[in-house]
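Letter by letter, the chains look like this.
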Amino acid sequence: MNKLLPFFALLILSFFVALIYGEVYIPPMALLHPKGAYAIILERIRLPTVFAAAMIGSSLAVCGAVMQMLLRNPLMDPYVSGTASGGAFGAVLSYFLLVFNLPLSYLIYVSPLIAFVFALLSTLITIAIGRRTGVYGLVVGGVVVSFIFSSAVTIMITLISDRFPFVPSVSFWLQGEIVAVGWRGDVLLFVLTVFLIVLGMKHARRIDLVAISDEMSYARGVNPNSYRYTWVVVVSLVSGYIVSLVGIVGFVGIIVPHIVRRVLGGSTTILVPYSALLGCPLLLLANVVSSGLLGTIIPVTAITSLIAAPIIVYVMVKGIAHQSA
Amino acid sequence: MLIKALSVKLNGKLILKEVRLELVKGLNVILGPNGSGKTTLLRSIIGMLKPEEGEIQVEGERSYAPAEFFGADMSVLDVLLSGGAKKHYQEYLEILGLSEFLNRNFSTLSTGEKRLILIAKALAEGDVVLMDEPTSGLDLKNQAKLKRVLLGLKSKTIVVCTHDINLALLADRVALLKNGRIIAQGEPKEVLTEALLSELYDVQVKKVWLDGHSFFFV
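Residue numbers (full-length UniProt numbering), protein chains in the order written: chain A, 1 to 325; chain B, 1 to 218.
Just chain B, same shape as in the assembly (with noise of 0.2 angstroms):
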């Protein structure tokens, strides 16, 4: 699936400058600093926002696990259910561990455990599924739930922006974005060096090998 030439603007600022990314199936990570279009990207596939020019080429269902919602003061079966039941929640409810929430109230949840639920949502629903920062709030237990079910799904195409480099790692393509542009992309051994990720935060960022893993630190 490819992204060609995007360029959307917002409020009458240019954000995304003509983006070109592609996206493979299993996981595709987009990191880039604060301000620098992710979540305006991911609104673009949506078709929330539309382009000034180029195109958008997605195919297959889109679902979006969104880093800002409304508290819903209904079960969480009820918010799973919302929109109309596409598909078996159960499974993907499993593998995250929370079915026990099934029938609370969604708005007694942690807010970790709500984004979860409304990721598990995601996951369910859709072929092509954005999620924007969906580690953030999570605590370790269910960052490293997610990251397993992230890396497990190669069937879809998961399009994750985070600030979460550790998680780039793990990812079949990675793309930096900066300043409305996609400075690097493709594998994350070709994209996540020290150069390349120093050039994208603005600061110096230094890789650190530790039991076979690399890990990244300013």
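Just chain A, same shape as in the assembly (with noise of 0.2 angstroms):
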């Protein structure tokens, strides 16, 4: 139990830094008494906002984990797989049938579900391109994939944005600002990483049978094509939601299951539960640089994709990306 003392630790640091640093800096003496403009900068957004990037950290962590499991693939999250691009085309398309009066605009009100349904479409396409096309075929296709939904994304936002400002941004989109999250879609990403980790370290030791072999898999009565699918579901209803939420936040989901790996293993049972630990303090960190540590604010997966390339980089070159006994 040691092990998670470093993991605890460094998640009560970055809690605390998170919740001083933002786009108004909180001194440290006014979160423990908080009175007037810090209290209502406290509970209405800091708070909130703060607790999402924990739990958005958390969940992209173990959907990385798993999906590198379940693909044999290091280089896999939901960002590389498409699965965010397709959620935040989903997301923008119940926008702009809206703005535009378009049949079926009524599904705004359900905008995750769009973005969940995209987010299920984009990465199935990736794992059709990518299972005939070797070992990088996943990656590639994921890239295609994204080029696809990012740039439907790009289009439709540039035609809504001159009549309707209020609608977020190209950049906000496709590289994510965690900020005005509230309580209600707290909530939600509460449960749904709650849920993740529980369903993770339930199926630990069957992710980690089909991540070794189909046949050993079928011979224990799972299949292990139709396994796979359904975690696809289950990281594209996480991923869906965040998108919808937050935009896209990519990275995480590789960068924390390599170092989780590195550092203490990387049979499921461990990647599930650290991943989450790590996931956190990571995705807070990189906030609190995104939300104006820098004078202005930047998307955060600007900010993860630079602590992502020397690990991906190291992946490649040390070959790990091609397993096969």
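For the record, the hints were derived by calculation from the structure and aren't laboratory data. Even for Gly, the Cβ is constructed at its ideal location relative to N, Cα and C. One should not assume that every hint holds.
Pairs of lysine to any residue residues, derived as SDA-like cross-links and limited to a Cα-Cα distance of at most 25 angstroms, are as follows [to be verified]:
1) A:K202 / A:R262
2) A:K202 / B:A124
3) B:K86 / B:K13
4) B:K147 / B:E61
5) B:K154 / B:E133
6) B:K189 / B:G212
7) B:K141 / B:S107
8) A:K318 / B:N105
9) B:K206 / B:R181
10) B:K86 / A:N223
11) B:K141 / B:H163
12) B:K87 / A:V222
13) A:K318 / B:S75
14) B:K13 / A:N223
15) B:K87 / A:G221
16) B:K154 / B:Q143
17) B:K86 / A:R262
18) A:K318 / B:K87
19) B:K86 / A:K318
20) A:K202 / A:G221
21) A:K3 / B:R104
22) B:K86 / A:P224
23) B:K156 / B:L14
24) B:K86 / A:G221
25) B:K9 / A:R262
26) B:K25 / A:Y218
27) B:K50 / A:T230
28) B:K17 / B:Q90
29) B:K207 / B:K156
30) B:K50 / B:L14
31) B:K87 / B:K13
32) A:K202 / B:K25
Which stretches of chain A does chain B cover? Using the computed rule of at least three CB atoms under 8 angstroms from a CB of chain B, they are [to be verified]:
33) 202–208
34) 212–225
Computed footprint of chain A on chain B; a stretch qualifies when at least three of its residues, placed anywhere within it, have a C-beta under 8 angstroms from a C-beta of chain A [unchecked claim]:
35) 40–52
36) 68–74
37) 79–90
Assembly of the complex is requested from the two constituent chains, each provided in isolation within its own frame, with the hints serving as guidance.
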């Protein structure tokens, strides 16, 4: 259990830092006895946003870990696989239909659901492309799928934004900004995150088995392909909701499981809980930088991608990505 | 246990053609040239491939030791526990001399050692244990260990696909699979004749006696 200690320490520290540093600096003393403007900011904006960042970091890290095991590829996460881009497309599409008075404009009420549908669709397309094209196929498939859906998002937002400037910008959707997530969003995020972590831990041994061999899975009564698709649905559900809330937050699912794997080990029983724990501080701290540390708001994926880049290069150079006995 | 009139297609091509195979408790060996359908047969038994026609009457928990698998960046213990811990793997690890590997990272083992771990797992977990080329890639010491283990397990139904004719000599039952059809099956002494083996492999096979054992070579 002393393995957990540094993680919890980091978690508490980063919560603290995230509560203090944001668009408005809240002095540590004010955290303990919030008064006036600080109290309002803390309660209405800072706390819900920080909580959201923690949940999002946690769940994206777990999604990444599970995808990497099941798809046998250490470069997979909901962003690389095109899932998040599909989700962004779905969310923006529902705005688009509303704004231009197109049929089905009532879908705006269920925009997270539309995000989920397209997140799922885009992942299935990536897998269809990736299965046939060798080891980097999934990554290339994901890149292609991301291109298509991101471009569609850009086009739609550009068409909308003249008339309706309150619709979030292209950079919000494609690069993510964890701001103004209300308590209602937080509740659902919390439920989805806990659901994901519990599911991941219950299925850890099965995920390991499917990762090692399809034949061994069949022998133990697990159909590896249906199993993978079921998890794709779960990941699309969680990522789709996150994207509809804060836009595309990428690379957390690559960075965190990689670190956990190097430091603690790569079985799913280790990856799920520790990725969940490490995902929080990672995104909390990235979000601190994102929401004003450098003087202005920077989309959070820009920061996570800088952290992920050396890791991705390392994985590729070390040839870890081609797994076969 | 019986496999009746099994026909299996893969990518539209008929691989197994009305295969009738009897399996007994102990060691069953299936010999056949590359492409004869041995792996397809094993995959059908675990339900990975659905037959066009025929029946597989096999009872008991199945387990599979594959010829190819994916490198797992986890400990050997985690590999053994994957799918959920079922039995005590300790016994089989010890017999195969693998206990020292328990806490090592699976991906750092040699291919032969990895295969042995998965064989130990399959032996521990199943009543019907399927193995695809288990001796391939094993050095002589490990081959000897494996053979000793396989011969000692009379309570399980072990089905081995292999090229190793000398392993087949030690089996309780042997079947010859050529082009998706069983051309002979029965006890080793009936089936492992120069004539049948030459027909199976399309090459002249010679049998030689040495120290009371027979050996085959080309």
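Hint check:
1. A:K202 / A:R262: Holds - the C-alpha atoms of R262 (chain A) and K202 (chain A) are around 23 angstroms apart, at most 25 angstroms.
2. A:K202 / B:A124: Distance ~23 angstroms between K202 (chain A) and A124 (chain B) Cα, so the pair holds.
3. B:K86 / B:K13: Distance ~37 angstroms between K86 (chain B) and K13 (chain B) Cα, so the pair is violated.
4. B:K147 / B:E61: Holds, at roughly 22 angstroms.
5. B:K154 / B:E133: The hint holds at about 20 angstroms.
6. B:K189 / B:G212: At roughly 14 angstroms apart (the allowed maximum being 25 angstroms), G212 (chain B) and K189 (chain B) satisfy the hint.
7. B:K141 / B:S107: holds (22 angstroms)
8. A:K318 / B:N105: holds (17 angstroms)
9. B:K206 / B:R181: holds (23 angstroms)
10. B:K86 / A:N223: holds (18 angstroms)
11. B:K141 / B:H163: Holds, at roughly 18 angstroms.
12. B:K87 / A:V222: With a Cα-Cα distance of about 18 angstroms, the restraint between K87 (chain B) and V222 (chain A) holds, given a limit of 25 angstroms.
13. A:K318 / B:S75: Cα-Cα ~20 angstroms, so holds.
14. B:K13 / A:N223: It holds: about 23 angstroms lies between the C-alpha atoms, which stays within 25 angstroms.
15. B:K87 / A:G221: holds (16 angstroms)
16. B:K154 / B:Q143: Given pair K154 (chain B), Q143 (chain B) holds - Cα atoms ~19 angstroms apart, limit 25 angstroms.
17. B:K86 / A:R262: violated (28 angstroms)
18. A:K318 / B:K87: violated (36 angstroms)
19. B:K86 / A:K318: The hint is violated at about 35 angstroms.
20. A:K202 / A:G221: The given pair, whose Cα atoms are some 17 angstroms apart, holds under the 25 angstroms limit.
21. A:K3 / B:R104: holds (19 angstroms)
22. B:K86 / A:P224: Answer holds: K86 (chain B) to P224 (chain A) is near 19 angstroms, not above 25 angstroms.
23. B:K156 / B:L14: violated (30 angstroms)
24. B:K86 / A:G221: Roughly 13 angstroms between the alpha carbons, so the hint for K86 (chain B) and G221 (chain A) holds.
25. B:K9 / A:R262: At roughly 43 angstroms apart (the allowed maximum being 25 angstroms), R262 (chain A) and K9 (chain B) break the hint.
26. B:K25 / A:Y218: Between K25 (chain B) and Y218 (chain A) the Cα gap is close to 22 angstroms, so the pair holds against 25 angstroms.
27. B:K50 / A:T230: This hinted pair holds, its Cα atoms lying about 21 angstroms apart.
28. B:K17 / B:Q90: violated (40 angstroms)
29. B:K207 / B:K156: violated (30 angstroms)
30. B:K50 / B:L14: Holds - the C-alpha atoms of L14 (chain B) and K50 (chain B) are around 12 angstroms apart, at most 25 angstroms.
31. B:K87 / B:K13: It is violated: about 39 angstroms lies between the C-alpha atoms, which goes past 25 angstroms.
32. A:K202 / B:K25: violated (35 angstroms)
33. 202–208: n = 3 at 8 angstroms, threshold three: holds.
34. 212–225: holds (count 10)
35. 40–52: holds (count 5)
36. 68–74: holds (count 7)
37. 79–90: The restraint on the region 79–90 of chain B holds, since 6 of its residues have a Cβ under 8 angstroms from chain A and three suffice.
In terms of the numbered hints stated before, the structure departs from hints 3, 17, 18, 19, 23, 25, 28, 29, 31, 32, listed from lowest to highest.
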